[in-house]
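Participant: Here the protein sequences come in this chain order: A and D. For what it's worth, numbering that gives the first Met the number 0 labels the leading residue of the first sequence as 0, then goes sequentially. For what it's worth, numbering that gives the first Met the number 0 labels the leading residue of the second sequence as 0, then goes sequentially.
I should point out that these hints are in silico values taken from the structure, not numbers from a laboratory. Here a beta-carbon is modelled for each residue, glycine too, at the ideal position from N, C-alpha and C. Accuracy of the hints is not assured; some may be wrong.
[Claimed, not checked] Calculated Cβ distances over 12 Å to all of chain A for the following chain D residues:
id : residue
1  : Leu22
2  : Lys23
3  : Val25
4  : Phe29
5  : Pro35
6  : Val79
7  : Val127
[What the hints assert, rightly or not] So the derived label-pair ranges between C-beta atoms look like this:
id : chain 1 : residue 1 : chain 2 : residue 2 : range
8  : A       : Leu258    : D       : Thr89     : 37 to 45 Å
9  : D       : Val139    : A       : Lys97     : 36 to 44 Å
10 : A       : Tyr168    : D       : Met60     : 47 to 55 Å
11 : D       : Gln75     : A       : Asn253    : 50 to 58 Å
12 : D       : Thr89     : A       : Leu293    : 28 to 36 Å
13 : A       : Leu100    : D       : Asn100    : 31 to 39 Å
14 : A       : Ala177    : D       : Val139    : 45 to 53 Å
15 : D       : Val139    : A       : Tyr80     : 47 to 55 Å
Chain residues, written in single-letter form:
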Amino acid sequence: MAAVDDLQFEEFGNVTTTPAENPDATTINIEGPDESPMHQPGPPRGSGGEEDDELLGNEDSDKTELLAGQKKSSPFWTFEYYQTFFDVDTYQVFDRIKGSLLPIPGKNFVRLYIRSNPDLYGPFWICATLVFAIAISGNLSNFLIHLGERTYHYVPEFRKVSIAATIIYAYAWLVPLALWGFLVWRNSKVMNIVSYSFLEIVCVYGYSLFVYIPTAVLWIIPQKAVRWILVMIALGISGSVLAMTFWPAVREDNRRVALATIVAIVLLHTLLSVGCLFSFMCFGVCLSWTWHLLQESSGRADGMAPPSGICKVSH
Amino acid sequence: MAKAVESSGELGTTSPRPLMRDLKAVGKKFMHVLYPRKSNTLLRDWDLWGPLILCVTLALMLQRSSVDSEQDGGPQFAEVFVIIWFGAVTITVNSKLLGGNISFFQSLCVLGYCILPLTVAMLVCRLVLLAEQGPINFMVRLFVVIVMFAWSIVASTAFLADSQPPNRKALAIYPVFLFYFVISWMILTFTPQ
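The following block holds chain A by itself, in its conformation from the complex (with noise of 0.2 Å):
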């Protein structure tokens, strides 16, 4: 009878039902035309090993995104809930970094690598790699400006490292939490149909980054042109990622709102990747200039006056 078919229709908990039986009852967060074929009203599937293990790791997270958008079993200090945030196979992160690299236009990030199963793994390691590859090669093209000179000593910079750590740790983290509040606030005005949780706003940040880390490795060629051409095109690339990603999110909005909302986002991208390249270039001389400033306003006169000429870079 069809009443009975309903109750066993909606019981979750207890039967196990495949995707094709009750199609449209997963989808609640995201929606879109492209959807997977899985959720499609259609035959019952009895399909080979990877479509089946597709459905099986879908089919857990449809489950729970019913419950509560959120994957969390286990509560929150106990190992196994840290665990779940590392729930990736080694394909699955080259996936995502070669999502970040390559923006196609219509493809949101979101839906189609991280698919509600936000890892922590990439933008760890991701800013991790980024800070020593912007340390490193920033020393190293110093070494390469001044080889040569006679009176130049080498010193390896160790401060840089801390600064770099301090500054992208930030960006990564306090970045997506300010954009996750203000949509959260945004959706409580206008019903929006996509909404990201904050562990998938972290992951698009993060794996963004990723273009950053051969970008640095490069700006060893001490070329003004060649390191700003550098820098627009990794902006390029990361900006309209981070752009496709968040238009969908807000575009139910009010347009100024939401046009407002990603010129933020991409300035404050610009933001850091312009930062990140002044302090590069000039981040050794600027840290003596400011560390002497401050010596000799405190009284201590070390006789040291200010470099001339700010930045020395070859043209």
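Assemble chain D onto chain A, guided by the hints.
Facilitator: Only chain D this time, still in chain A's reference frame:
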């Protein structure tokens, strides 16, 4: 793990000095690192004395000689120490979060012992730096550091790879690579004042 230097055994007899036994265990693990092959000696009888000795040696050799150099110089003793231990702890937590079935101290033990090739590289670099500076000097140091870096990676992979789930091995090994790369960089860029 640590035993008293002298202990009285049963019935009033003094047992042979356990300090020698501990030192022999540490030396045996050094040999395992220098000739890495798949064995779980390092994992089975882990200890942290070897990593401590190596870390202190490396930090002592890497610290800059003047305390307040006017330009930003190399790391201080405490900085090297913190980097090594903080890095090892981070890698261990990472591999456990990825689902590895290795215990916390076993992983610290392996990572610490596999710094041995890089400590040897540091010793060689300091000796080479006594000679005249120049591009050849730098090339020799670069070659030594690269070889020892590869040795460290191979040794730690031989011990750690089996404890990871098979589809996440690369994810667990990459932080180890980054860790030893940073240490190698510190060794390579060391310049005496």
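Participant: Hint by hint, say whether it matches the structure.
Facilitator: Hints and how they fare:
1. Leu22: Its Cβ never comes within 12 Å of chain A, the nearest being 34 Å, so this holds.
2. Lys23: 36 Å, holds
3. Val25: 30 Å, holds
4. Phe29: 28 Å, holds
5. Pro35: The assertion about Pro35/D holds, with a minimum of 23 Å to chain A.
6. Val79: Incorrect as stated: the minimum Cβ-Cβ distance to chain A is 10 Å, not above 12 Å.
7. Val127: 16 Å, holds
8. Leu258/A to Thr89/D: 37 to 45 Å: 40 Å, holds
9. Val139/D to Lys97/A: 36 to 44 Å: At 39 Å between Cβs, range holds.
10. Tyr168/A to Met60/D: 47 to 55 Å: Given about 30 Å between the Cβ atoms, the range is violated.
11. Gln75/D to Asn253/A: 50 to 58 Å: 54 Å, holds
12. Thr89/D to Leu293/A: 28 to 36 Å: 33 Å, holds
13. Leu100/A to Asn100/D: 31 to 39 Å: 33 Å, holds
14. Ala177/A to Val139/D: 45 to 53 Å: 51 Å, holds
15. Val139/D to Tyr80/A: 47 to 55 Å: Given range 47 to 55 Å: holds, Cβ gap about 50 Å.
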